[in-house]
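S.K.: Take a look at the letters that make up each chain.
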Amino acid sequence: MPLLTPQARLIKIFMPSWPELSDDAYQKILSDVAAFLKIEFTLTPWFIALPMALLQILFSTVLTLSGARSQAEQQRVITHWERCGVPFQAFIRLYRSLTLLAYMEHPLIREKLDLPDYQAHQENFRAKRHALLNHMP
Amino acid sequence: MITSHFCITDNTALSCDVLVIGSGAGGAVVAHELACAGKDVLLIEEGPAIGHDNAPLSAAEGVARLWRNGGMTVALGRTPVAYAEGRCVGGGTEINSAIIQRAPDELLDRWAHDYRIHAFSAAALEPYYDKVYRTLSASMVEDAFGPPSDLMRKAADKKGWRLDTLERAHITCVGTNMCASSCPTGGKQSVSQRLIRSALAKGLRLIAQTRMHTLKRHGHVIIGATGLARDARGRSHNINIKCKTIFVAAGAIHTPALLRASGITKTIGNSLRLHPTMKILARFPFDVNAQDHRLPLYAVTEFMPMIRLGGSIFTPGFFGMALAEQWQAREHLLPHMRQCGMYYAMVRGQGLGRIRPVLGNRANPLVTYALADSDKNHLVQGLKHLADFMFAAGASELYPSLAGHKGWRTPQDVVHDTLNITQANLMTVHLFSSCPMGEDKVRCAADSYGRVHGLDNLYIADASLIPEAPGVNPQATIMALAYRNAENWLTQHGG
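Going down the list, the protein sequences come from chains A and B.
With the first letter of the first sequence counted as 1, position 103 gets the number 102 in numbering that gives the first Met the number 0; the numbers rise by one all the way through.
With the first letter of the second sequence counted as 1, position 38 gets the number 37 in numbering that gives the first Met the number 0; the numbers rise by one all the way through.
Keep in mind that the hints were calculated from the coordinates and are not lab data.
Among the clues, some could well be false.
What the hints assert, rightly or not - List of simulated lysine-lysine pairs, DSBU-like, C-alpha gap at most 35 Å:
#1 A/LYS27 x B/LYS405
#2 B/LYS265 x B/LYS241
#3 A/LYS127 x B/LYS201
#4 A/LYS127 x B/LYS153
Modelling step: build the complete structure from the supplied sequences, incorporating the hints.
M.R.: The following block contains the structure:
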């Protein structure tokens, strides 16, 4: 099993277990979500990015020291810390928010949700509008 | 379909008659009006130029590409307020829902009196609002609004509450539900679509990916501006621009930040106002499929002018973000996305905020905001009205954006709930009033036509000028003021 970065470790905890995914799909989504978060953190103002970076290290250390190995155990540790004050709560909410934004918008999840492929979706709507415009007086 | 903009690839010095900084609702109007009058206009935009033919594919991509700081912007305070701003050619008009509304007449008339704004009243602004509506083809959507709207209609009928249909800037909107990430079909009529394109044809020069960080001043005159441009590889280049007149239209946060960073501080950035907003994630015992439809095209105006209820854009990603607000209580909704919708209660904020540039980090000013007590009361009332409304629409579970809240299952749960607004996850997409206009120099940063007090050739042309929160979407008001102020400038400068 590859060694996870602190960021990937947290993303794994925040990624939902629904819908069911193949190992390949899971790894692909994990890697794309991590790439999205990396971009987001480069765009983040310093007064959010700095505490986020510190808390990321803190949570990674806490998870290591807690000895929690399984996903469920690690989630319990995070849930416990979520109740320990506003900064932790805000950090976890923000991290989970970004993770879920990227996760739910991922093409592989979209497929699982029976939603049309992005390109096809846009092309269909462009064609629909084009047809409407052609019929306008 | 923006064309003819250019990016800087080396250290550059330019000159122009009129420099406009910021290409959103205000800056685009000024640039268009002046370019069409034959003036030599240079329009600078910090973000990229994105046409509908290369619009982001997903909401996540849209947030990263078009929203300032990837959407990670917040006004700090006891109850922080997350806010969203566009950072691309077209500014906020590229990421908003294109809802076009006039500010209430009584408010416009009161501002004229309270802030001593010359030749300003609801009647005086009427022709400019008309021009905005014509320019953007503002009209009702003609085909079916979809279930998220229908549910609001049903609840309003049941409650007997006043419900307004919202007019939008569009030509044959086909309902992609991608408004927050630009419009992939070109149906939404943003200012890049309607004004910047035609101004380019009239000789406007547009430079994207360039941030101006300082205005150069000589006595009572601004002689130019300096900034940093980014090329396609992300490398930075210095840019110096000489100009005779300058319009700053960088929005309610970055206009005061730029002015203050340039040593222009009197009554600048001390009176930021906004519309504090709380959302409710609603689950229905049937499929709504909000992700496949337009955002709700109604607003409950029963509690106006202080409280307005409406519906939000709903994509799988935004649904995920709503679940993250209180994961333990909402996780079970994940497989039921199709049964969910997102609605909001928006308050005409009375609180005040401040904007201060940060030394060494000019791109990210510090923004603070303090809710007024009346805002807290209105938010509680608004949230309870919204919950009542959504239960009337048939919702079976409601989850308000309050930290630690377990949700409501019945209308009685709402009645008995003592809401703690300091726990609210507040957000807003409407920011204004940080440099209000008027002749009252104690309160106002700019005169009745947007010229900064004490300076001969520096003008403001964005939401900063709006004296107070209008209680409705501000785009039409920003544009109407920009049309009025551009016309006045042209009258004075031989347009």
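S.K.: None of the hints should be skipped; say for each whether it holds.
M.R.: Cross-check of the supplied hints:
1. Annotation: proposed proximity of A/LYS27 to B/LYS405 holds, straight-line Cα distance about 33 Å (limit 35 Å).
2. Distance hint between B/LYS265 and B/LYS241 is fulfilled; the C-alpha atoms sit about 24 Å from each other, no more than 35 Å.
3. Distance restraint check for A/LYS127 and B/LYS201: the Cα-Cα separation of roughly 31 Å lies within the 35 Å cut-off, and the hinted pair is therefore satisfied.
4. Proximity of A/LYS127 to B/LYS153 is assessed by CA-CA distance (about 29 Å); at most 35 Å being required, the pair is judged to hold.
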